[in-house]
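Here's the letter readout for the chains.
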Amino acid sequence: MENRRVAKGVVRGGQFEIEVDGRKVLAHEGETIGSALVAAGVRTFRQTPKQHHPRGMYCGIGLCYECAMIVNGVPNTRACQTLATPGCRVETQEGLGRWEGEQ
Amino acid sequence: MRESELLILGGGPAGMAAAIEAAKAGARVTMLDEDARPGGQIYRQFNAGFRVVDADVLGHDYERGQELLKEFATVAGQVEYLDEALVWGIAPENELDFLRQGESRSLRYRQLIIAVGAYDRPVPFPGWTLPGVFTAGGAQRLIKTQRVLPGERMLLAGTGPLQLAVANQIVEAGGTVAAIVEAGNIDTWMSLARGAWGQWALIADAWRYWSGIRKAGIPLWREHILVEVRGDGRVEEAVVARVDQEWRPVPGTARTLLVDTVCVGYGFVPSVELTRLGGCEHRYDPLLGGWLPVRGEQMETTTPNLYVAGDCGGVAGSFVAIEEGRIAAWRLPERSDTSRRTRPGAAWSRAGSGWQGSCGCARRWTRSPGPGRGCTSWRKTTPSSADARRSPSAKSRRLWRRTSAT
Numbered sequence: 001m002e003n004r005r006v007a008k009g010v011v012r013g014g015q016f017e018i019e020v021d022g023r024k025v026l027a028h029e030g031e032t033i034g035s036a037l038v039a040a041g042v043r044t045f046r047q048t049p050k051q052h053h054p055r056g057m058y059c060g061i062g063l064c065y066e067c068a069m070i071v072n073g074v075p076n077t078r079a080c081q082t083l084a085t086p087g088c089r090v091e092t093q094e095g096l097g098r099w100e101g102e103q
Numbered sequence: 001m002r003e004s005e006l007l008i009l010g011g012g013p014a015g016m017a018a019a020i021e022a023a024k025a026g027a028r029v030t031m032l033d034e035d036a037r038p039g040g041q042i043y044r045q046f047n048a049g050f051r052v053v054d055a056d057v058l059g060h061d062y063e064r065g066q067e068l069l070k071e072f073a074t075v076a077g078q079v080e081y082l083d084e085a086l087v088w089g090i091a092p093e094n095e096l097d098f099l100r101q102g103e104s105r106s107l108r109y110r111q112l113i114i115a116v117g118a119y120d121r122p123v124p125f126p127g128w129t130l131p132g133v134f135t136a137g138g139a140q141r142l143i144k145t146q147r148v149l150p151g152e153r154m155l156l157a158g159t160g161p162l163q164l165a166v167a168n169q170i171v172e173a174g175g176t177v178a179a180i181v182e183a184g185n186i187d188t189w190m191s192l193a194r195g196a197w198g199q200w201a202l203i204a205d206a207w208r209y210w211s212g213i214r215k216a217g218i219p220l221w222r223e224h225i226l227v228e229v230r231g232d233g234r235v236e237e238a239v240v241a242r243v244d245q246e247w248r249p250v251p252g253t254a255r256t257l258l259v260d261t262v263c264v265g266y267g268f269v270p271s272v273e274l275t276r277l278g279g280c281e282h283r284y285d286p287l288l289g290g291w292l293p294v295r296g297e298q299m300e301t302t303t304p305n306l307y308v309a310g311d312c313g314g315v316a317g318s319f320v321a322i323e324e325g326r327i328a329a330w331r332l333p334e335r336s337d338t339s340r341r342t343r344p345g346a347a348w349s350r351a352g353s354g355w356q357g358s359c360g361c362a363r364r365w366t367r368s369p370g371p372g373r374g375c376t377s378w379r380k381t382t383p384s385s386a387d388a389r390r391s392p393s394a395k396s397r398r399l400w401r402r403t404s405a406t
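Keeping their order, the protein sequence lines are chains A and B.
Be aware that the first sequence starts at 1, since it is given in my numbering, and climbs by one per residue.
Be aware that the second sequence starts at 1, since it is given in my numbering, and climbs by one per residue.
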């Protein structure tokens, strides 16, 4: 697995795993879900509703919503603004996404 | 509904400076920001979990930010900082609506300072939505305070000094920059230098970036533009071409670069969503980033009790933002409707004491014409009269009527 973390200048917080589409991905305390995914080489965060084109992190500061994912069952959660927490469940969002339990 | 004496939106340089000034004068301040900690984009702090062991590698902006953040911490007792708040509405009667912790809340304010900054100007081109295309600002955030490189082999494309800053940060972090593509020509850079003359700190920064890039041997192609990004579901290659004076690609000059990441930076756009919701009158100024609220000398807008400070009033950078924040908060209540004022004015008259402001600097940067102020696009565009008629404020007023009618 790729790792793009930069060690220079900082010491990272505790390491833990998050679950991304059923796969384990490493994250550190203080990292956003988006950063953990970029560090792991994950590019596609969601697929567009009509043409199913892949989209990834774009503005990186919470404005564009291109990085919308389903986090712990909540769709349209911005991966770039949401902190990774131990064991959090992240899913690539298809279209507008679905709430947990929604048919 | 709760009422806030002074409500500040945005905890960046302008918002913090305004809060410091107002708090020194004895005011109680409420500050709303989307992030867990104050700092904004430029002075963004590390999230809890990270520990900084060598601030040198984080650059001068980081150091400058620490000074302001320290000063802000001294007034923390008077500033209520509501983190992770997303403002979605400004209603009549000084009411503001925001989302926080999954709940919509409202509060009333007597004075409102909007200091929400600017964001990367999004410029579309074929392939711009492919995963692996980032804005330069977004890439910078990843590198600076998340310490993650956006990719393996990166192309920086667009115009302006941010490109150089980001390239330098990538190199310092151990990443690989394939090339920097700058649409402007040598004149663009000369006028940038002229515009920044006297701003020695900025010039020193630029020089540092420049030499870092040269040392790393990164090719910098002036008068070139990113034409297209290609790839199967992700960035795999980028096409760049030489441009003419009007930034149109010259046929036959295209070349393809193998890269997995493209960072695009064409300057910044003032974030005017909230001033539009507030019904402020706007004007178009290409040199300051596009549409921006009309302001007076004391940062007042055309909406009573609504002030604007920093890049959301016109992109001019953090130094200007700090001064504007101070000016906006300076003797604020004395300027307001006195019948609503309950605080004694004496406390407020002290507001100016802390402000030894380099106001001249702010004025010079916000008023003198010519390119190079801030990182806004240097390509001159003239707003059409149709654009002027369709001013955002008129649009937002229509919108407001429509939403309040339903």
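For the record, the hints were derived by calculation from the structure and aren't laboratory data.
Any given hint could turn out to be false.
Stated by the list, open to error - To spell it out: a stretch of chain B is covered by chain A in this simulated footprint if at least three of its residues, at any positions, have a beta carbon under 8 Å from a beta carbon of chain A; those stretches are: (1) 47-55; (2) 186-196; (3) 217-228.
To be verified - Just the calculated beta-carbon pair ranges, DEER-fashion: (4) A:Gly14 to B:Arg222: 29 to 37 Å; (5) B:Glu84 to A:Val11: 37 to 45 Å; (6) B:Asp97 to A:Tyr65: 14 to 22 Å; (7) A:Tyr65 to B:Ala36: 41 to 49 Å; (8) B:Glu237 to A:Asn3: 18 to 26 Å.
Every value quoted in this text rests on a predicted model; they were computed, and no experiment measured them.
Quick reminder that beta carbons are idealized off the backbone N, C-alpha and C, glycines included.
Against the structure, the hints:
1. 47-55: Held - the stretch 47-55 of chain B has 9 residues with a Cβ nearer than 8 Å to chain A, which meets the minimum of three.
2. 186-196: With 0 residues closer than 8 Å to chain A, the stretch 186-196 of chain B misses the three-residue bar; violated.
3. 217-228: violated (count 0)
4. A:Gly14 to B:Arg222: 29 to 37 Å: At roughly 46 Å between Cβ atoms, B:Arg222 and A:Gly14 fall outside 29 to 37 Å, so the hint is violated.
5. B:Glu84 to A:Val11: 37 to 45 Å: violated, 25 Å
6. B:Asp97 to A:Tyr65: 14 to 22 Å: holds, 19 Å
7. A:Tyr65 to B:Ala36: 41 to 49 Å: violated, 19 Å
8. B:Glu237 to A:Asn3: 18 to 26 Å: holds, 24 Å
Consistency note: the structure conflicts with the earlier hints numbered 2, 3, 4, 5 and 7.
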